[in-house]
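Following the hints, position chain B against chain A.
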Amino acid sequence: MRYIEPHAHMVSRVTGDYTAMVVAGCRAVCEPAFWAGFDRGSVEGFRDYFSQLTEHEPKRAARFGLPHFTWLCINSKESENVKLADEVLAMIPEFLDRPNVLGIGEIGLNKNSRNEIAVFEKHIDLAARREQMILVHTPHLEDKLKGTRLIVDILKNDRRIVPGRVLIDHVEEHTAGLALDAGFWAGITLYPESKCTPPRAIDMVEVFGAERLWLNCACDWGNSDPLAVPKTALEMRRRGHSEEAIDNLIFGNPLRFLSQTPKFSIG
Amino acid sequence: MMTKTEILDLYFADARSKLIDLAAFLDRIERSSGAGEHDPRVRSFRAALSHLQGGEAEKAKAVLLTLSDPTTEPVAVATTKGASGAWPQYPS
Numbered sequence: 001m002r003y004i005e006p007h008a009h010m011v012s013r014v015t016g017d018y019t020a021m022v023v024a025g026c027r028a029v030c031e032p033a034f035w036a037g038f039d040r041g042s043v044e045g046f047r048d049y050f051s052q053l054t055e056h057e058p059k060r061a062a063r064f065g066l067p068h069f070t071w072l073c074i075n076s077k078e079s080e081n082v083k084l085a086d087e088v089l090a091m092i093p094e095f096l097d098r099p100n101v102l103g104i105g106e107i108g109l110n111k112n113s114r115n116e117i118a119v120f121e122k123h124i125d126l127a128a129r130r131e132q133m134i135l136v137h138t139p140h141l142e143d144k145l146k147g148t149r150l151i152v153d154i155l156k157n158d159r160r161i162v163p164g165r166v167l168i169d170h171v172e173e174h175t176a177g178l179a180l181d182a183g184f185w186a187g188i189t190l191y192p193e194s195k196c197t198p199p200r201a202i203d204m205v206e207v208f209g210a211e212r213l214w215l216n217c218a219c220d221w222g223n224s225d226p227l228a229v230p231k232t233a234l235e236m237r238r239r240g241h242s243e244e245a246i247d248n249l250i251f252g253n254p255l256r257f258l259s260q261t262p263k264f265s266i267g
Numbered sequence: 001m002m003t004k005t006e007i008l009d010l011y012f013a014d015a016r017s018k019l020i021d022l023a024a025f026l027d028r029i030e031r032s033s034g035a036g037e038h039d040p041r042v043r044s045f046r047a048a049l050s051h052l053q054g055g056e057a058e059k060a061k062a063v064l065l066t067l068s069d070p071t072t073e074p075v076a077v078a079t080t081k082g083a084s085g086a087w088p089q090y091p092s
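Sequence order for the protein chains is A and B.
The letter at position 200 of the first sequence is residue 200 when you use our numbering, and the numbering goes up by one with no holes.
The letter at position 67 of the second sequence is residue 67 when you use our numbering, and the numbering goes up by one with no holes.
So that you can see chain A by itself, here it is in the shape it has in the complex (with noise of 0.2 Å):
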């Protein structure tokens, strides 16, 4: 088995997750920026991050022959404090050229808000002015609904923004028609409780097509599995599906979506 970790957040991991994931079959991983549990009081904060982000993961991850890939962004969880947002937006272009940087990510909305929305949109324009890719983050649990309609009607509405070149993450079964018909590529993300369990997630592979899905551990400091992209592949293989259609999901899914910025090489 061999598959690529499209969305981990791996500065909150332990080395041994990255034994366990080279093991695996993992192939690459790429971390988007996220809110680290408490709001970072100030943009040197974010510099620290990001540096962290572009020199130390991916060293730490090269220790096991694993490519690192990251996106960078201020979280819309930290969106409310506008001025900060601003003074993260205007320094991100500092690090946009570095090797391992894919694009703009994970933006999105967390509670629906004002500010959210007004960040979110600023990102967005970033992006485009960079011709950067984006991920997308959705809503937790009731927001999400909500959440996924205003971030797909945003892009739709900015013409400068290539649907097939965004994956708005973190669908579940109310919400992945919504991205996928309005031609976004979309993520599956794989938690023990919030989002989504291997089944459904097979259920959705099997209901809207595999054709622009991949699936996530989104690991991070939370209750999460590193490991739940394979496990996934193991359910699918119980439900009958092919080997080529496991690989097909787990590695050539995210190699066609991130393989649109030249940076993202594997070997």
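Misleading hints may appear alongside valid ones.
[Said to hold, decoys possible] Chain B is faced by these chain A residues, among others (derived, beta-carbon under 10 Å):
(1) ASP39
(2) SER42
(3) VAL43
(4) LEU109
(5) HIS140
(6) GLU142
(7) GLY147
(8) ARG149
(9) LEU150
(10) GLU172
(11) GLU173
(12) GLY177
(13) SER194
(14) ASN223
Rather than coming from a laboratory, the hints here were simulated on the basis of the structure.
For every residue, glycine included, the Cβ atom is placed at its ideal position computed from N, Cα and C.
Then chain B, alone, in the frame of chain A:
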């Protein structure tokens, strides 16, 4: 695609276990003190359960929609970062 029998063979025991967990959760709520029945989480949870019976298609989607904020206007300001899993204004 698997047959109905194959799906039952693969998933029935797991689904049975989760069904009993749901029943035990409701028993736990009903045994406890306080005004939990008026909590929007309980109200929307019971409404969501109604989608499990009958021949309605897309039951998972129906449950998720029942547990979702159905409004379309952005909120003025985010006063919290977390989500409870049910729309706090779910009608009584």
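### Query
Broken hints, numbered, in rising order?
Of the numbered hints, 2, 3, 14 do not hold.
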